[in-house]
Amino acid sequence: MPSLYEIKVKDATGQTISLQDYAGEVLLIVNTASKCGLVGQFGDLQRLYETYADQGVQVLGFPCDQFNHQEFADPKETMQFCQRNYGVTFPIFQKIDVNGPTEHRLYTYLKQQQGGLLSSNIKWNFTKFLVDRQGRVVKRFAPVDSIQVIEKTLARYV
306 MPSLYEIKVK DATGQTISLQ DYAGEVLLIV NTASKCGLVG QFGDLQRLYE TYADQGVQVL
366 GFPCDQFNHQ EFADPKETMQ FCQRNYGVTF PIFQKIDVNG PTEHRLYTYL KQQQGGLLSS
426 NIKWNFTKFL VDRQGRVVKR FAPVDSIQVI EKTLARYV
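Position one of the sequence shown corresponds to residue 306 (this note's numbering), numbered consecutively onward.
I should point out that these hints are in silico values taken from the structure, not numbers from a laboratory.
A portion of the hints provided could be inaccurate.
Heads up, simulated DMTMM-like pairs for lysine to aspartate or glutamate below, C-alpha to C-alpha not over 25 Å straight-line [to be verified]:
| # | residue 1 | residue 2 |
| --- | --- | --- |
| 1 | 444 | 379 |
| 2 | 457 | 408 |
| 3 | 444 | 349 |
| 4 | 381 | 316 |
| 5 | 457 | 316 |
| 6 | 381 | 349 |
| 7 | 444 | 330 |
| 8 | 340 | 359 |
| 9 | 428 | 359 |
| 10 | 340 | 437 |
| 11 | 340 | 450 |
| 12 | 381 | 450 |
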């Protein structure tokens with residue numbers, strides 16, 4: 306099985322980025338949606354990023370439109386929305402699919418490493434995966450898991 310660091314993604318501008326660029330850092334990878342009822346989590350994620358970024362923690366946001374079409378069509382709109390409403394400065398990438406025949410390779414990998422309850426499928430927006438400094442997917446968080454629980458777990462890997 307390939308490593309996480311062999312996977313490439315596209316940033317919000319369409320530039321290809323290798324996850325190898327994040328080797329040695331703790332990652333919190335999140336499928337996001339700007340029009341979701343859980344959208345307030347952008348603020349929580351930004352606070353985590355600000356608190357831990359200087360300790361080698363990255364929050365990586367991957368917009369997804371698979372759950373009730375709750376994401377903007379234009380990646381620029383997504384970026385502007387996140388920055389304007391939640392002060393987001395962590396990386397936001399191009400919109401991807403997290404389930405099904407067109408799911409992005411990143412999510413195939415993440416789900417293989419940390420399956421969900423009853424099914425490995427992503428069930429909703431703001432599912433989070435914690436990756437340690439060695440590139441191991443160590444924890445999967447449900448969309449409704451509290452930021453306090455996530456931070457407590459994340460802090461063990463910093």
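Q) Are there hints from earlier that the structure breaks, and if so, what are their numbers? A) 1, 2, 5, 8, 9, 10, 12
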